[in-house]
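Those sequence lines, one after another, are chains A and B. Numbering-wise (our numbering), the first sequence opens with residue 48 and increments by one. Numbering-wise (our numbering), the second sequence opens with residue 48 and increments by one.
If you're looking for bench data, these hints aren't it; they were derived computationally from the structure. Predicted model only: the values in this text are computed from it and were never measured. Do not rely on the hints blindly, as some may be mistaken.
Which copy? The list can't say, so a pair holds if one copy fits it or any two copies do.
As the list claims (entries may be wrong) - List time: in silico DSSO-like cross-link candidates among lysine-lysine, alpha-carbon distance up to 27 Å: (1) K271 with K82; (2) K156 with K266; (3) K106 with K179; (4) K213 with K147; (5) K156 with K179.
Below are the chains, spelled out letter by letter.
There are 2 protein chains.
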Amino acid sequence: MVELQRFLENSFSLEGLSGDLASGLAALARPMSVKPGAILFESGDPGNGCYAILEGSLKVSIVSVEGDEQFLAVMGPGSIVGELALLDGRARSANVTALKASRLAFIDKHAFERFADANPAVYRHMLSIVGKRLRQANDVLAARSFLPLPGRVAQTLLQLAETFGKPVEKDRILIHYKLSQSDIANMAGAARENVSRVLNDWKRAGTISRISGYYCLEKPDLLKQASVL
Amino acid sequence: MVELQRFLENSFSLEGLSGDLASGLAALARPMSVKPGAILFESGDPGNGCYAILEGSLKVSIVSVEGDEQFLAVMGPGSIVGELALLDGRARSANVTALKASRLAFIDKHAFERFADANPAVYRHMLSIVGKRLRQANDVLAARSFLPLPGRVAQTLLQLAETFGKPVEKDRILIHYKLSQSDIANMAGAARENVSRVLNDWKRAGTISRISGYYCLEKPDLLKQASVL
DNA sequence: GGACAACAGTGATGGGCATCACACAATCCG
DNA sequence: CGGATTGTGTGATGCCCATCACTGTTGTCC
């Protein structure tokens, strides 16, 4: 239990919340574990709380009537998920599913509200999180509007590098996360086959490489350039 | 000056803030007027405050290197614009330009922060605004991912109806706002020519009509259907 | 009220990318 | 350890929609 507390404090502070508030919030949290593929909630569900990721990863996605899926984000440890329904009381706006086996901390909506009302700094903190989300959403829309397929794939890789990247020596970034081409395709909004083509072009050009199943960005600068609007 | 105050209270309450807080905020505001085409700020600028629209309209947009423009939103009276930079202290993430001559109220960042720290309910209110923005952004991305061109145009019209629509008799909605096809195209992310084709198909089918320059949604249900993901 | 500019309709053309269709790894598992 | 299931590479085909190239139409401002 103390271990959970410590984990949580780390998680929340990863997102930049001050220490004592983090422990306050941690006290509200209920630990839980999920298997890969587990559905935390689906679009339209009433929002009864949010989740902090301690370990593992989740995808946030929306699905079309035909069943095609568009990832809004893939989130790793230290992230908060499902906060939107907490803030405006409306229904969940997307699906959230576990990608890997994960350990989470669930925070009940009412408990959160009580705590936040007593500690307004929490609200400021949530604002900066939601703000970041909104900026990111706009960036993705911009990419979708202006960039051809390779640019969108580049953006996706860089985004994943933000979340899962470990720098290795000079300017090489290893994405320490098992990714399929379909995952990347669902993020970039493209067909899996074309993602394959783009990725191979880059592999041949030495822009990226694959190290025991993980993608490694050899020349992030080239990717950044490709993702310039 | 009293008139400004009253206007502002109405504006803010349009977005759902309680009366006394609205007047508190109104006291911070500095009135200003802008001509059509005036640039309030551009992406990358430091964010020194936000704007409430009393009269007129603004566009929020991003621009590609080639100069193509994508509207993120067209906002009318009662809306708040530029709040993002207020919340997380980062640079402006988009351009905001006046579409029509407009009367605005500018709220300085520091003044706002002082006021909000003293009245945390303001934070809750901002959260629900930003939350709504985020939901909307996700909806647009979903449309861009899943819907063919007509669906995206339908979504755009319905969105505009939210902001500028006046219901006229049974289930007809008049969009009381001068719109060019280019405007719609820039929102829907499509070429102006194709928007023209879609609009004419619908006009011929009696789904929409044009009444002295304003578009009127004759059968909003059909449009809603076309914009189902 | 005529001249100019901005907006609107419509065909023709072409390209980017989704889709289909498989061969070929790689990985999981009883 | 084969056999199945999942992920990957690569060509061929076609369609949606951007783009180009106009003509027609509506304003608007001396």
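Task: Violated hints - listed by number, lowest first - done: 1, 2
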